Each structure stands twice: as structure tokens, then as C-alpha cells.
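Fit chain B to the supplied structure of chain A, relying on the hints for placement.
Each chain, letter by letter, is given below.
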Amino acid sequence: MDHVAQLLLELGLLFAGLSLLGVLARRLGLSSVPFVLVAALALGEGGVVPLATSEPFIEAAAEIGVVLLLLALGLEFSADELFASLRHHGPSGLVDLLLNALPGFAAGLLLGLPWQGALALAGVTWISSSGIIARLLGDLGRLANRETPAVLSVLVLEDLAMALFLPLLVVALAGGGPAAAVAGIGLAVGAVTLALLAAQRQGHRLGRLLASADDEQLLLRLVGLTLLVAGLAQSLGASAAVGAFLVGLALPASFAERARSVLGPLRDLFAATFFVAFGLSTDPRAVLPVLPAVLLLALVTTGTKVATGWFAARRDGVARAGRLRAGTALVARGEFSIVIAGLAVTAGVPELGPLATGYVLVLAVAGPVLTRLAEPRGARGTALTPA
Amino acid sequence: MDLEETLLPGVGVRYRLRTSAGEVLGVVVRREGSAEVAVYDRRDPDRARSVLRLEPDEVDALAEVLGAPRLTQRFADLSREVPGLESGRFLVRAGSRFAGRPLGDTRARTLTGCSIVAIVRDTDVVPSPGPADTLLPGDVLVAIGSVRGLEELERHLAGPA
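Chains as they are written, first to last, in the numbering used here: chain A, -11 to 375; chain B, 4 to 164.
Source of the hints: derived by calculation from the structure; they are not laboratory data.
It should be emphasised that the depicted structure is a prediction, and the values quoted were computed from it without experimental measurement.
Even glycine gets a Cβ: it sits at the ideal position worked out from N, Cα and C.
Treat the hints loosely; a few may be bogus.
Heads up, incomplete: computed chain A residues facing chain B, CB under 7 Å, no partners named [said to hold, decoys possible]:
#1 V(-8)
#2 A(-7)
#3 Q(-6)
#4 L131
#5 N133
#6 G305
Pair by pair, the computed Cβ-Cβ distance ranges are [what the hints assert, rightly or not]:
#7 A/E204 - B/G116: 51 to 59 Å
#8 B/D5 - A/L90: 24 to 32 Å
#9 A/P79 - B/L88: 44 to 52 Å
Bound-form chain A, shown alone:
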């Protein structure tokens, strides 16, 4: 078969398959991320449809997927929301870091990973999936609940922490010593502060520069700027993802809303490709042997996330039932655990691939199920989907 035909057929089947998985996930009230990972694991090993021709495309698209995921993350929150969360829930963010990153780091060392790999695993266990959780809170009709601001604040702080953690991780993975790591984090703190200040003082200029009544123009300008900054960040030795995140942060809230709606579909397409690429690069036979360790780690970090949510909700004066809802809601890990693991795998810690795959598979499913169980009896099955 001719090359182009082969490429198009493979991609067509891939996206059609992803769509079916998405429908299935939605029916079950779950995120599509674990389903996509399982499917990609099956495809990678000469499975049902070997993706031989489209693999180079998928790899390139996956890089763009990470950049767009992080850009969307930066667009998601305004500087004001970040500062407000930091003021009210700074201690919750710290508890979140200590309780959830340390078990990952310890587990990484125990499993014989180099310390850089353990650091990446700490990130994998630390960061909850804001995508899964935000959707879950909406589906369960919990947005008006009193514990919800605490949950969202923890998510915002994690996302801000990602902007500092990713450069640190990239420097560490590149083999830099402690001095380089400190320099890396110094640079990251500076860049994030600068981006936030720019958003507050000069954001409207950036917004005006990009703004256009025409959606196509807006998309081209936004993606153009983001890829330029991401590429520049990558060439400077920081991560492209961080550059994209900073662009998202620096854009003013007034512009962010339109940017989100224009960017949404493109982000979804490329992000799905990223999850596929990550699954493809992981050997499914390597997942089974690490499964006991993964399950144990998942169990421990489920407990620590519940404790984090409990702590954060208690600060807001929420009662026990609400604290439990907040804690279980935070359990789900997803897209950003995969982003962190992806960085480590490409930097030469391949052992992290199966670990992170198994871990996200378990918690992206268990998290939403667990938090549904925290609803009172009778209200459990009734996700508020229109009949």
C-alpha cells in the first residue's frame, strides 16, 4: 500500500478508536486517559493495528501535545486565583507536597531507580489530575459544596508547583549536580514570577498583540507564539513544557477565556496523541512485574491524598463528610503524572515508563470510583447527567 494511504488509514483508525474509548469512559463516568493508555499498550507490541507508518508522526504530535497541555494549564488559572489560593491554602499545598511526593521518592529509591528517576516518581505521585478532578466535581454536582474551594486551591497550587518542579527535574535528568539544580530552580522561580508580573502589568498588551476577531488568526498567533517560546526554552535546556506554561500564565484573564475555547479541540487531539505515544513507548510486558510495587504505592498515596484533602477542607471549617469527599476527590492522578514520566523516559530512565503507566492506570480509575463512594447512600449512582 502506498505510504500516504497507510499513514492516513492508521491515523484514521487510531482516532476512531480513541473516540470509541472516550464514549466508553464517559458511560462509566471515568476519564478516558487510562483507556487510551491500555489501548496504546496493546498497539505497541505489534497488536491489532501495528502503527508502523504513523509512529514518527505520533512522536512529533506527542511533543506538541505536551506543549498544548501545559499552555492550556497556564490559561486555566489567572494570576489572581493563584495568589488567592496561595494566601488561603499555602499550608495545604505544603502538606500536599510533603505527604505525596516523599512516598514516591522513597519508592523510587527502594525500587533501585537513580535519584533523578526517584525525583520524577515523586512528581508522578504528587500531582493530582486537575483535568479528571475538575470534570468529576462538575459531574457529581459538587461545585457548590463547601469543600470544593479547598480542592480547587490544592489543584491550582500543584499546577503552579509544576512550573517550578519541571525545570528542576529537567536539570536533574540532564545530569546536572546540585549546583545546576539550584540554578535551574532559581531560573524557574524567576521566570514564573516574571510571567505573573507581566500578566498583571503588561498582560493586556500581550493580549492585544494576539487578539483578533478571527478565530483562525487567534489560533495561529497563539500556537505560533507558544511553539516559539517552548522551542526557545527547550534549546536553553529548560523544558518546552515549561515555556508553554509560562505563555499561558502571562496571558490576561480576559483573553484566556477565548483562547481556551479556540484551543480546546486542538489540545484534546494532540494530548490524546501524547498519551498514545507514551503507551506505545512502554513495553506492556514490563508492567506486570512492577504491578505489586505499583499497587502498594497507589494504596499508600491514596491514603496520603485523602489526608491532604482532609487537611485542606478542615482549614475551611468543613465537617468530616466533606473532608472525606475532598480527600477522595484528590486521589485521581492522570495527565501530568504522564507528562513527568514522559520527560524521565526520554531522558534515559526507561524503568519509569511501566511504573507510571501502571500507577496512573490504577489511580485514574480508582480515584473517581472512591470519591463516588464518599457520596451518601442513595446519591451515589446519580451523576447529574441529563436523562
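Leaving out everything else, chain B in the frame of chain A:
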């Protein structure tokens, strides 16, 4: 009345209102313009029990239903609270000399001491209108002032062209 406003990062803003009947009403206004209206569980007051979802156009419709009469109601309340202060509503008739002219031309404040605080136009309300806002025939002006001032304002507005 106790209205509490809380920022929901990445989602929007949540308002909580304890009604005088003792119930707590929650309203989440999302960034995209849709909203959720919730009533809380009696046994677990942290939990939204029944949630009503409103699309942006439904939010607008509801806001209009609740918002327009409330505005005039508030003026009535205001005048009741301050002794000697009254409110009045004055129709701009089709033949009025002020129909089609800016509000500033009435010089209501200078001549009568009354403030025109809103223009009610069909179902719309222009709160705190400025001197440049044009009056149309059929508009109802909501004014506050002293009883004498309001009487003068009525004569002034109804005066011959």
C-alpha cells in the same frame, strides 16, 4: 442578609446566601456564563443536595426576571429607611418636551433637588443614568427626593413644550 462570595479557581465564583427562612442557597457562576443553583443538605450543610444547571441564556432570563422588579423595590426600601426621602415614578409622555432629548436637559437636580436614579424602558432598566442618556417616549423615570421636590419634578416634566 448574609451573602458570602468565594473564588473557585479555574471554575468561577460561588455565592452562598442564607435566607431569612433559614435555608442556604448556593449559586455557582461559571466563567463561561453558565450557572448552578443549589440547595444544601440539611444533615450535611457542606453538601449541595439538589443542583439546578442553567445555560448562559437561561441565566440571563432568570437574572432579568429577578433583577428588574428588585431594582424598583430597592428604591422603595431606601426611601422608607431615610425619613423625608421619597421615591416617585414619572412617565415620559409621547408629547413631552423632554422625549428624544438627553436626561441632562431636564436639569431635574438643579431645579427640584431630585435625583433620577433609573430609567425603566419596557422590561429594561438603565440604573444610574448619566446626563447624556436620551429619554424616549414611554420611559419611566425613577426619582428620589423630598415630597415637595418630587411634586415640582412632576410639574416640570409634564410642563408644556
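Going through the hints against the structure:
Evaluation of the A/V(-8) hint against chain B yields a violated restraint, the C-beta minimum of about 39 Å exceeding 7 Å. At its closest, the beta carbon of A/A(-7) sits 41 Å from a beta carbon of chain B; the interface hint therefore is violated under the 7 Å criterion. The interface hint given for A/Q(-6) is broken, as the beta carbon of that residue sits about 41 Å from the closest beta carbon of chain B, more than 7 Å. The criterion of a C-beta within 7 Å of any C-beta in chain B is met by A/L131, whose closest approach is roughly 5 Å, and the hint holds.
Using the Cβ-Cβ criterion of 7 Å, the hint placing A/N133 at the interface with chain B is satisfied: the shortest such distance is roughly 5 Å. Taking 7 Å as the C-beta contact cut-off toward chain B, the hint placing A/G305 at the interface is violated, the least distance being around 9 Å. The hint said 51 to 59 Å for the Cβ distance between A/E204 and B/G116, and at roughly 57 Å that hint holds. Between B/D5 and A/L90 the Cβ separation comes to about 42 Å, which falls outside the hinted range of 24 to 32 Å.
For A/P79 and B/L88, the hinted distance range of 44 to 52 Å is satisfied, since their beta carbons lie about 49 Å from each other.
Comparing the model with each earlier hint shows violations of hints 1, 2, 3, 6 and 8; every other hint is respected.
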